[in-house]
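S.K.: Here's the letter readout for the chains.
2 protein chains.
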Amino acid sequence: MKRVDVQRRGIGMVCEGGRSMLKVWAPEAKQAFVCTREDKLPLTAQAFGYWSSELSLCAGDAYRIELDDCVYPDPASLCQPEDVHSWSQVVDASFAWTDNAWENPPLSAYIFYELHTGTFSEEGTFAGVEAKLDYLKELGITAVELMPLAQFPGTRNWGYDGVFPFAVHYAYGGAKGLQSLVDKCHEKGLAVVLDVVYNHVGPEGNYLSSFGPYFTDKYKTPWGDAVNFDDAGSDQVRDFFIENALMWFRDFHIDALRLDAVHAIKDMSAKHILQEIREYVDELSAFTGEHYHLIVECDLNDRRFLDERSLNGYAMDAQWNDEFHHALRVCAGVERTGYYADFNGPEHLAKAYRDAYVYDGIYSETRARSFGSKTDGLDGNRFIVFSQNHDQVGNRMFGERTSALHSFEMLKLLAAAVFVSPYLPLIFMGEEWGSGSAFQYFISHSDPELTDAVREGRKAEFSGFYEDGECPDPQAEETFQNSKLDWNKLEAYPHKCLHEYYTFLIAMRKDLQALHSGDRSGVRTSVTDPSGMLQLYRSAPGQDLVCLFNFTKQQQHTDVPGLPENAILLLDSAAKQWEGPGTAPQESPSRI
Amino acid sequence: MKRVDVQRRGIGMVCEGGRSMLKVWAPEAKQAFVCTREDKLPLTAQAFGYWSSELSLCAGDAYRIELDDCVYPDPASLCQPEDVHSWSQVVDASFAWTDNAWENPPLSAYIFYELHTGTFSEEGTFAGVEAKLDYLKELGITAVELMPLAQFPGTRNWGYDGVFPFAVHYAYGGAKGLQSLVDKCHEKGLAVVLDVVYNHVGPEGNYLSSFGPYFTDKYKTPWGDAVNFDDAGSDQVRDFFIENALMWFRDFHIDALRLDAVHAIKDMSAKHILQEIREYVDELSAFTGEHYHLIVECDLNDRRFLDERSLNGYAMDAQWNDEFHHALRVCAGVERTGYYADFNGPEHLAKAYRDAYVYDGIYSETRARSFGSKTDGLDGNRFIVFSQNHDQVGNRMFGERTSALHSFEMLKLLAAAVFVSPYLPLIFMGEEWGSGSAFQYFISHSDPELTDAVREGRKAEFSGFYEDGECPDPQAEETFQNSKLDWNKLEAYPHKCLHEYYTFLIAMRKDLQALHSGDRSGVRTSVTDPSGMLQLYRSAPGQDLVCLFNFTKQQQHTDVPGLPENAILLLDSAAKQWEGPGTAPQESPSRI
Chain E
6 MKRVDVQRRG IGMVCEGGRS MLKVWAPEAK QAFVCTREDK LPLTAQAFGY
56 WSSELSLCAG DAYRIELDDC VYPDPASLCQ PEDVHSWSQV VDASFAWTDN
106 AWENPPLSAY IFYELHTGTF SEEGTFAGVE AKLDYLKELG ITAVELMPLA
156 QFPGTRNWGY DGVFPFAVHY AYGGAKGLQS LVDKCHEKGL AVVLDVVYNH
206 VGPEGNYLSS FGPYFTDKYK TPWGDAVNFD DAGSDQVRDF FIENALMWFR
256 DFHIDALRLD AVHAIKDMSA KHILQEIREY VDELSAFTGE HYHLIVECDL
306 NDRRFLDERS LNGYAMDAQW NDEFHHALRV CAGVERTGYY ADFNGPEHLA
356 KAYRDAYVYD GIYSETRARS FGSKTDGLDG NRFIVFSQNH DQVGNRMFGE
406 RTSALHSFEM LKLLAAAVFV SPYLPLIFMG EEWGSGSAFQ YFISHSDPEL
456 TDAVREGRKA EFSGFYEDGE CPDPQAEETF QNSKLDWNKL EAYPHKCLHE
506 YYTFLIAMRK DLQALHSGDR SGVRTSVTDP SGMLQLYRSA PGQDLVCLFN
556 FTKQQQHTDV PGLPENAILL LDSAAKQWEG PGTAPQESPS RI
Chain R
6 MKRVDVQRRG IGMVCEGGRS MLKVWAPEAK QAFVCTREDK LPLTAQAFGY
56 WSSELSLCAG DAYRIELDDC VYPDPASLCQ PEDVHSWSQV VDASFAWTDN
106 AWENPPLSAY IFYELHTGTF SEEGTFAGVE AKLDYLKELG ITAVELMPLA
156 QFPGTRNWGY DGVFPFAVHY AYGGAKGLQS LVDKCHEKGL AVVLDVVYNH
206 VGPEGNYLSS FGPYFTDKYK TPWGDAVNFD DAGSDQVRDF FIENALMWFR
256 DFHIDALRLD AVHAIKDMSA KHILQEIREY VDELSAFTGE HYHLIVECDL
306 NDRRFLDERS LNGYAMDAQW NDEFHHALRV CAGVERTGYY ADFNGPEHLA
356 KAYRDAYVYD GIYSETRARS FGSKTDGLDG NRFIVFSQNH DQVGNRMFGE
406 RTSALHSFEM LKLLAAAVFV SPYLPLIFMG EEWGSGSAFQ YFISHSDPEL
456 TDAVREGRKA EFSGFYEDGE CPDPQAEETF QNSKLDWNKL EAYPHKCLHE
506 YYTFLIAMRK DLQALHSGDR SGVRTSVTDP SGMLQLYRSA PGQDLVCLFN
556 FTKQQQHTDV PGLPENAILL LDSAAKQWEG PGTAPQESPS RI
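In the order they appear, the protein sequences are chains E and R.
Numbered per the working numbering, the first sequence spans residues 6 to 597.
Numbered per the working numbering, the second sequence spans residues 6 to 597.
Next comes chain E alone, as it looks inside the complex (with noise of 0.2 Å):
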């Protein structure tokens, strides 16, 4: 029962040469107009409450929608070169790609860049982003991941309040600059992912509601009702957010999807929204001969997202893993407050090593209930880990990065403790030459009323830290300037030698297959106890791995039962190479 052509976009308004045809989804309107600056012209009523015309619109023209006496901009917009507010204007989608060569590879290749186009580079631009494909590429990264890009309210916002999902931020460089960015990826041999958010839209310029029952009071989100997935038309709302994962794999080049917190996607049918998606990613996958992959980002530990759909699955390729990342931070010595206070140090590290989710079916201090299940028989490039990302870094008070936490040392370890997992590798942009900048949380809000809302939301938000400082102003300018990446500090000292440290680490798992496959079978853990030292062994055909870290600020002396005599030491990260203290011999404080 396909409702989607996956071949074109069927939604919003689509432009090829001079002529153009605008669909929309407004199943109560009695009318419906397109408005141009000049003209105002009917649309026809379709079946299930679409309205449609062709029209004689070229890529540049301005164009609003009429329902009923008032005029919004198109919810399936490609362009607000204004505002969220204000008109929509004609995209003509077509590229000249010459990424015909480009094949994109399966995900345990993918070692992962995130990134916010923003704040990353001095332009703040995809062009800022293009100028430092090279850098990327010398790295040793081999996907770039671009926090979400959909048109959000102002210039400045982490992306997650955006309103047009089918709109590129005109302020980053719009749909061409995105087509440009992805193509000169692909020509340096990076794939490209992309963030986007199917749970909720953002709280200013969101006029679904206008158009449609694009949201359902049967579930409550922390944005307030849930998007409609379930409820009466929902088909009309699915087909909306299905063509939107299409466009960016068919019209766009994009290689993943990351798909924000889908724990806040509510959907009771007997086939899940992300299911669908699934079967028409696949469907496209057929009609191109390209490969996509899927990723969420999921906080419910339950392997149903992962497993095929043979077995009731959903079906997606990986997902983030924040219990992985939780444990390293304690025994990095974070606070254990929030979500920490379930986190016991290595022990849950090594059961994060060896089953992914520390919470399989236990009991949750936090959640005040049992959680998870288990993950047993899933490879381990289904899963995605990190010692940071947006979120855990901008989530702060002060927005502070690791390497504003912890010590030089403690970096290094953090670094190397992500990268000897057997899950795919996520590094926080800067975060290789540990930047001292801030990612803070910041917004662009055109609403008076909604800022204030927002700014005393994040001042109670960390009330408990009043004595630490005043919490930074999200709407002010110069928050969203703290959080640029100063690149200057690349080369002084300790950044530079950082950078070195993560560009061996990463051609390191790339030359090893013991660090790189995702085989879980070999991988087994031991924790020394009192001191607290973790050992972890990863195997490969040939290749035995031992990995000892030392989270403690004290030498350590530990065994390691039946290493050979001529076993080598691959990596120190203490050594006086990587501006260490350097190791006593025959001892391993921190290092693998």
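Read the hints as simulated data drawn from the structure, not as lab findings.
Each statement offered as a hint is correct.
It does not matter which identical chain is used: a pair holds within one copy or between any two.
Below, in silico cross-link-like pairs of lysine-lysine (BS3-like), each with a Cα-Cα straight-line distance of 30 Å or less:
#1 Lys7 with Lys379
#2 Lys379 with Lys276
#3 Lys223 with Lys276
#4 Lys181 with Lys28
#5 Lys515 with Lys581
#6 Lys225 with Lys276
#7 Lys189 with Lys501
#8 Lys379 with Lys515
#9 Lys137 with Lys494
#10 Lys142 with Lys489
#11 Lys515 with Lys142
#12 Lys558 with Lys494
Treat the numbers as computed from the prediction; the structure is a model and nothing was measured.
Please build the complex by placing chain R on the supplied structure of chain E, with the hints as guidance.
M.R.: Showing chain R alone in chain E's frame:
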């Protein structure tokens, strides 16, 4: 991570001999006591918010629970002899069982008889049901399904307003009465199915929220906040219902549970509560050596509820299939309003015969969305079908049974349609003789405001039908009395004939493998256009059956391709033998 001991009840008052032990969950309470009529004894705080104490109370003793100066009945009370607001009573749940020889048959042998204890017999008690067991046995049914028995306010209620899930209603005969009934059923070779409600608690006498977070506002249900199966504290809520399910099987020898409206159980845990109930019930089976069946009422058309655990399914044994009913009733001429609007008659009935779900992924106008999944590979005896049940009868303004809505000829056709299906047949008490009694919606709340609200809600629901008369007052004793079966009429015309017809049908189904086999691979259908004649083919080795249904009022002529010359007419529902008009030779109106 087993939290519940399947071998004995671990919640509420457990009394054996002269000793008793009380355990109650009250995680927010600062102090807890058990109060008797003379005394007040402190309970001791245990892990996870439980309180417990050994006591010297005996069976029959009254007790209540005091939390921080407020007194309540025990949420897990086994007996409420006065009402839902007052004293709980200690029950010794042991019983002198005589059913050692009983073996619960497989579901494929179940022929269900759904009854409401209060209105099935003049007495309105378990003793009243016991007195009719020989009658049921002679009719040929194999399983007595009891509508919910949990203590509800007053003495008149369908049972879905129960507020003490562990307390068998005092007015019906209480725990001992039920144990005696089950023992007698087993003696006569009848299985017992109990309807239990785990998706909500009734509106009067619900003290659960005074004890703990039994509910969550994360989800909305038709009854308000959802039962908390996946929020903080949900382990203990889950255990409360798991203990309940285990109790019926272990302490009451119930053979199957019918879980009410599981689509209203909202649980996004990695392990769904139904999966966990399945696991514990299987563990109990391993302990007792008995089989127990779990049946769900579910309107999601989602095979996940039936699929095995290894397929991420919930592994329920069977589900009610309302869509078969809806399609059948439209064939019989019921008004196509409400949920009936989605059904077109013979074509959809044919689909239900073949595919179980009519809506198996196709678009539903009533729901305004695509709905359901395919049931390929699921045996026919995973589905339970009926031409009416308490819901479809009682949810009409006047509570009319099919006998008040359809002709005598149609009643016979409806019955046959159910018994020749590849699914498990269920009849609603009195259906087998076309009882003319209504089954109306009745309550007996003590709260006048609530009573008024129910009255007004009922009137509003049927406001479109006012011209047909006044909505019966649900609180009136008369409404309850009108709903009792009038067994005196059984012997009168045409009831006696219909009763014999049902007896014949049931015997025929048991006799013919082609009918009682759940193998759906031999099921074929065809619908003749424009007459609407439906042909159903069923087969087993050496048996090929053709069933012809004429739902019109006209005689129809139909060809049965390939009918051998030696074919035998097994049943003609229009024959004079069954008080019908007779069928012209070689023609087959209203017959199978």
